[in-house]
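No gaps in the numbering here: position 174 of the first sequence is 174 in the numbering used here, and each next residue is one more.
In short, the hints are calculated from the structure, not lab data.
Keep in mind that the hints are not guaranteed to be accurate.
What the hints assert, rightly or not - Heads up, simulated DSS-like pairs for lysine-lysine below, C-alpha to C-alpha not over 25 Å straight-line:
hint, residue 1, residue 2
1, Lys19, Lys4
2, Lys253, Lys281
3, Lys71, Lys173
4, Lys94, Lys520
5, Lys173, Lys220
6, Lys398, Lys408
7, Lys303, Lys281
Unchecked claim - Pair by pair, the computed Cβ-Cβ distance ranges are:
hint, residue 1, residue 2, range
8, Glu28, Gly366, 29 to 37 Å
9, Asn404, Lys343, 22 to 30 Å
10, Ala46, Phe320, 21 to 29 Å
11, Asn65, Glu516, 27 to 35 Å
12, Lys19, Arg500, 43 to 51 Å
13, Lys51, Lys94, 41 to 49 Å
14, Arg245, Asn149, 30 to 38 Å
15, Asp436, Phe320, 31 to 39 Å
For glycine and all other residues, C-beta sits at the position ideal for the given N, C-alpha and C.
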Amino acid sequence: MDEKLQVANAISVALPDLKIEEIQDKIERPKDSKNGDYAFPTFFLAKELHKAPQLIASELVEKINDDGFEKVVTAGPYINFFLDKAQVGASILKDILEDPEHYGESDLGHQSNVTIDYSSPNIAKPMGVGHLRSTMIGEAVARILEKVNYNLVRIDYLGDWGTQFGKMMAAYKMWGDSDEVQQGLKDDPINTLLQLYVRINQEADEHPEYTEAGRDWFAKLEHGDEEAWELWRWFREISLERFQRVYDMLDVKFDSFNGEAFSAQKMEEPIQLLRDKGLLKKSRGAEIVDLEKYNLPPLLIIKSNGTTTYITRDLATALFRKRMYGHAKSLYVVGAEQEVYFKQLRMALKELGFNWWDQIEHISFGLMNLNGQKMSTRKGNVVSLENVLHDSIDLARKQIAEKNPDLKNPDEVAKQVGVGAVIFHDLKNYRRNSVDFNLDEVVKFEGETGPYVQYARARAESILRKGGIRDFSDVDLTQVGDEAWELLSFLSQYSEAIKRAANNYDPSVIAKYALELAKKFNQYYAHTRILDDDPQQPARLALTQAVSNVLKSALDLLDIKAPDEM
RNA sequence: GAAACGGUAGCUCAAUUGGAUAGAGCAUCGGUCUUCUAAACCGAGGGUUGAGGGUUCGAUUCCCUCUCGUUUCACCA
1 MDEKLQVANA ISVALPDLKI EEIQDKIERP KDSKNGDYAF PTFFLAKELH
51 KAPQLIASEL VEKINDDGFE KVVTAGPYIN FFLDKAQVGA SILKDILEDP
101 EHYGESDLGH QSNVTIDYSS PNIAKPMGVG HLRSTMIGEA VARILEKVNY
151 NLVRIDYLGD WGTQFGKMMA AYKMWGDSDE VQQGLKDDPI NTLLQLYVRI
201 NQEADEHPEY TEAGRDWFAK LEHGDEEAWE LWRWFREISL ERFQRVYDML
251 DVKFDSFNGE AFSAQKMEEP IQLLRDKGLL KKSRGAEIVD LEKYNLPPLL
301 IIKSNGTTTY ITRDLATALF RKRMYGHAKS LYVVGAEQEV YFKQLRMALK
351 ELGFNWWDQI EHISFGLMNL NGQKMSTRKG NVVSLENVLH DSIDLARKQI
401 AEKNPDLKNP DEVAKQVGVG AVIFHDLKNY RRNSVDFNLD EVVKFEGETG
451 PYVQYARARA ESILRKGGIR DFSDVDLTQV GDEAWELLSF LSQYSEAIKR
501 AANNYDPSVI AKYALELAKK FNQYYAHTRI LDDDPQQPAR LALTQAVSNV
551 LKSALDLLDI KAPDEM
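Work the whole structure out from these sequences, hints included.
Here it is in structure tokens:
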């Protein structure tokens, strides 16, 4: 960033009529390093000066003082600036090595509170690979926002309320007494309940009374029926226990597990507010908020049988969160299929007169399909997330046995690599793309994968162990050599990458950065022997340490572990 | 039918938000382990960026038209 200002100042001498800020806006980073480190295109001056851009560039470059730069040259209509590699490189290294933990941080958030709602599985159903998206995008976005100085509140808004539980209760009451089901409940309670749920949904087409029974059971729950509540508590308890196993594997921790049931107790307020403002209208036996003026479908607040919907609870949740956390942003990491719904929610809050309606942001992501089909718990075609993680870990263990049989802690590393591969695969692409689940792709360890990044860092650590130096404060960092410049220049862009990731709520920016850095390091050490015993060795080791630090930091933003050996 | 999102190499995806010769990884073919871990590195082939128009010095990017795909369009969440 300082370098960009330095470039702008140099240009400013030749173009005194332009403000520094205007110049900075025009400065670019060339894609190709042979075009220098910063470039200033002159097209926009052509009209005003009635001259060809090439001519403008060559005239300007005459007036620019190249002190402090390696060189300043024109390339057609561009003026290209080459930084003093030794000086700038040394200062980049110094920045990283002095405080590796905080390198790349910035202050976009000013400590303000952000609630982030993610993962949010439904109880009494197993977590499928589909839940990976919300869980990991949410966790990574949270970590990225923390890095730019927001204060995060992580919320797992459990789906623990709604007619679906009525259905499940109805199914359990009808078929749950059989020995087969009882045995299943002992061995694998969630899956057994799921099977009941799938069954009642399948048979409901022929037996409309099943759907009716489900609605009735949910109505019982809403009216505080003791038997219904007992079942509900039991469903919730066994579910949370099971979810926790997955969260432990993924290393995600929530600040709150308040789900829909929690919000269900707070529904009077939004309903009353809607009534007071005259926003609630009768329609087809139900009560709705009309959003036609926003070109949106109506919001169904109270169903014709008198029960509420998730919308009512979401309104209550929004009010509660604003009051409780005083958030500057309230984020919801939910699939793109609910885009319209979040627009409705925002507009409903706007209609209610809350000026913070636009703090609610939907971080949407593309669906995960299975063989081109949408995964659906109701249809029963889900792939267990836990199984996928275990498959990946097993594969990593095999690779370790083959490639590094002497590793001291193979089980721990297998877990870090296996889980890391799955997480990275989920985060590396732009979140709105839909992904087709393919186990072979997910557990790939070569090419653009999590293990590729982990491996590059493990190699760096291995070299550092052999190099013996860990304190670089007395090392002359200007001695790294010009061949390190690509790497150094890229290291200095870490902070920009984090800001871009934060502004777009897009972890893939970090994943791509980590891949690129790993690649540049792999290329570097394939061509330059770091441990060569010459006067530049300590500086090369310092570079290796800096790369290792930044790779670890980037992986950490993605919630991926960085083993020292693998 | 309407709206949102998307269409880039055989496949999966990039392209720093309008810039320099559209780049990676898989897959295919070839090269590199007595020298810091070959989960790596080096090279080759592979493109009318869905189609057509427009704005601009300059378009994968912005604006229209068409087309294909996905999703959504009140009693699931």
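Cβ distance range 31 to 39 Å for Asp436 and Phe320, holds or violated:
holds (37 Å)
43 to 51 Å as the expected CB spacing between Arg500 and Lys19, which holds or is violated:
violated (24 Å)
Has the given pair, Lys253 with Lys281, been kept, meaning a C-alpha gap of at most 25 Å?
violated (41 Å)
Lys51 versus Lys94 beta-carbon gap, inside 41 to 49 Å or not
For Lys51 and Lys94 the Cβ distance comes to about 42 Å; the hint holds.
Compare the distance between the alpha carbons of Lys71 and Lys173 with 25 Å, and conclude whether the hinted pair is satisfied.
violated (80 Å)
Restraint check for Lys398 with Lys408, where alpha carbons must lie at most 25 Å apart:
holds (15 Å)
Verify the proposed pairing of Lys19 with Lys4, using a straight-line Cα cut of 25 Å.
Measuring from Cα to Cα gives roughly 14 Å; hence the hint holds.
Against the 25 Å threshold, does the CA-CA distance of Lys173 and Lys220 hold or violate the hint?
The given pair, whose Cα atoms are some 14 Å apart, holds under the 25 Å limit.
The hint says 29 to 37 Å between Glu28 and Gly366; measuring C-beta to C-beta, is that right?
holds (31 Å)
Beta-carbon spacing of Asn65 to Glu516 - inside the hinted bounds 27 to 35 Å or not:
At 33 Å between Cβs, range holds.
In this structure, is the beta-carbon distance linking Asn404 and Lys343 contained in 22 to 30 Å?
violated (51 Å)
With respect to the beta-carbon atoms only, verify the hint that Ala46 and Phe320 lie 21 to 29 Å apart.
violated (57 Å)
Checked against the numbered hints given earlier, the structure breaks hints 2, 3, 9, 10 and 12 and satisfies all the rest.
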